[in-house]
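There are 2 protein chains.
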Amino acid sequence: MADEALFQFLHNEVIQYIYKSAEHGEMENGRCISKLENMGFRVGHGLIERFTKDTVRFKDELDVMKFICKDFWTSVFKKQIDNLRTNHQGIYVLQDNKFRLLTQLSAGKQYLEHAPKYLAFTCGLVRGGLSNLGVKSIVTAEVSVMPACKFQVMIQKI
Amino acid sequence: MADEALFQFLHNEVIQYIYKSAEHGEMENGRCISKLENMGFRVGHGLIERFTKDTVRFKDELDVMKFICKDFWTSVFKKQIDNLRTNHQGIYVLQDNKFRLLTQLSAGKQYLEHAPKYLAFTCGLVRGGLSNLGVKSIVTAEVSVMPACKFQVMIQKI
Numbered sequence: 001m002a003d004e005a006l007f008q009f010l011h012n013e014v015i016q017y018i019y020k021s022a023e024h025g026e027m028e029n030g031r032c033i034s035k036l037e038n039m040g041f042r043v044g045h046g047l048i049e050r051f052t053k054d055t056v057r058f059k060d061e062l063d064v065m066k067f068i069c070k071d072f073w074t075s076v077f078k079k080q081i082d083n084l085r086t087n088h089q090g091i092y093v094l095q096d097n098k099f100r101l102l103t104q105l106s107a108g109k110q111y112l113e114h115a116p117k118y119l120a121f122t123c124g125l126v127r128g129g130l131s132n133l134g135v136k137s138i139v140t141a142e143v144s145v146m147p148a149c150k151f152q153v154m155i156q157k158i
Numbered sequence: 001m002a003d004e005a006l007f008q009f010l011h012n013e014v015i016q017y018i019y020k021s022a023e024h025g026e027m028e029n030g031r032c033i034s035k036l037e038n039m040g041f042r043v044g045h046g047l048i049e050r051f052t053k054d055t056v057r058f059k060d061e062l063d064v065m066k067f068i069c070k071d072f073w074t075s076v077f078k079k080q081i082d083n084l085r086t087n088h089q090g091i092y093v094l095q096d097n098k099f100r101l102l103t104q105l106s107a108g109k110q111y112l113e114h115a116p117k118y119l120a121f122t123c124g125l126v127r128g129g130l131s132n133l134g135v136k137s138i139v140t141a142e143v144s145v146m147p148a149c150k151f152q153v154m155i156q157k158i
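Taken in order, these protein sequences are the chains called A and B.
Everything in the first sequence is counted per the numbering used here, starting at 1 for the first residue and increasing by one.
Everything in the second sequence is counted per the numbering used here, starting at 1 for the first residue and increasing by one.
Honestly, I wouldn't trust all of these hints.
[Said to hold, decoys possible] Straight line, CA to CA, 30 Å or less: simulated DSS-like cross-link-like pairs of lysine-lysine:
1) A:Lys117 with B:Lys117
2) B:Lys78 with A:Lys70
3) B:Lys78 with A:Lys78
4) B:Lys20 with A:Lys117
5) B:Lys117 with A:Lys20
6) B:Lys78 with A:Lys53
7) B:Lys20 with A:Lys20
8) B:Lys78 with A:Lys98
9) A:Lys78 with B:Lys70
10) A:Lys20 with A:Lys117
11) B:Lys79 with A:Lys79
12) B:Lys53 with A:Lys78
13) B:Lys136 with B:Lys70
14) B:Lys79 with A:Lys78
15) B:Lys53 with A:Lys79
16) B:Lys70 with A:Lys79
17) B:Lys79 with A:Lys70
18) B:Lys98 with B:Lys53
19) B:Lys70 with B:Lys98
By construction, these hints were calculated from the structure, which means they are not laboratory data.
Build the full structure now, drawing on both the sequences and the hints.
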């Protein structure tokens, strides 16, 4: 629990810091989100290297996605993804019914508009992790009822 | 190990981000350090609240410092402080012979000048933790041989 809190608190500070420095300049919301996403990308890129140090080679793309949903998610968020769906054409939807970085926000609708900034880092985390495994993707997130959320991964065929 | 890496990677990103945004503006090194220190303060302030949730009341200042060196340090850095010294007049020196946030830097002397930015967050962490326990302090750090470092805590009597 301690570790979890450390990451969460630091994550919150980063969000606050980026949004605060945006107030002084004229950085718009989109740029803050993309800064958070980029941070996540680099962290995910580095993390996956450690996590896969001793794993066997992945069979295919689905195998990679399962690794993200199980091992990667558990390491970072202390639980697995609750539901993984795919259209078998390069789109994957990862659903987390109790996403750790949203549980600290009140579940009411009034904070729904703040959800995106709490998801941007994680979108980057997934994209960075996948990228280091050779899978290029675009990752977006959506929330309808907190603290549940869905991450959509669109694989970019090269 | 996974958790450790997550915090470390994010910590590195934060340092890089703050120093990078300083390049664009004219923020000097001192302000970057103080931003990191402030982030650490708020994180430490929050963390200690969780860590002490079920502990008994502290006897005195030394008791508080011991808690920081043992429980707090172990939760955050996976090891205890190696040596705690005090002059019994409000100055404490906490020595960590293998400080986790420095182990990733090469041990050579050529990176010694970069050490302060890797210590600022932790100085704040200690100051924030102490502050929430009612102990006002100034915390500084010094490195002579990496990855060992010393944190000096000067208690501010009120």
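ask   = Straight-line Cα separation of B:Lys78 and A:Lys53 no greater than 30 Å?
value = holds, 21 Å
request  = Assess, step by step, whether the Cα of B:Lys53 is no farther than 30 Å from the Cα of A:Lys78, and give holds or violated.
outcome  = holds, 21 Å
request  = Assess, step by step, whether the Cα of A:Lys20 is no farther than 30 Å from the Cα of A:Lys117, and give holds or violated.
outcome  = Distance ~13 Å between A:Lys20 and A:Lys117 Cα, so the pair holds.
task = Would you mind confirming whether the straight-line C-alpha gap from B:Lys70 to A:Lys79 stays at or under 30 Å?
result = holds, 28 Å
query = Is the Cα-Cα distance between A:Lys78 and B:Lys70 30 Å or less?
reply = Judged against 30 Å, a Cα distance of about 25 Å means the pair holds.
query = CA of B:Lys78 to CA of A:Lys70, is that 30 Å or under?
reply = The hint holds at about 25 Å.
inquiry  = For B:Lys78 and A:Lys98, compute the direct alpha-carbon distance and say whether it is at most 30 Å.
reply    = Holds: B:Lys78 and A:Lys98 sit about 27 Å apart, inside 30 Å.
task = Given the hint that B:Lys79 pairs with A:Lys79, test it: the Cα-Cα distance must not exceed 30 Å.
result = holds, 25 Å
task = For the pair we were handed, B:Lys79 and A:Lys78, check the Cα-Cα distance against 30 Å.
result = Distance of about 22 Å is within 30 Å: holds.
request  = Please work out if B:Lys117 and A:Lys20 have their alpha carbons no farther apart than 30 Å.
outcome  = This hinted pair holds, its Cα atoms lying about 21 Å apart.
ask   = Is the Cα-Cα distance between A:Lys117 and B:Lys117 30 Å or less?
value = holds, 26 Å
key: 30 Å Cα cutoff - pair B:Lys53, A:Lys79   = holds, 24 Å
The structure is consistent with each of the numbered hints, conforming to all of them.
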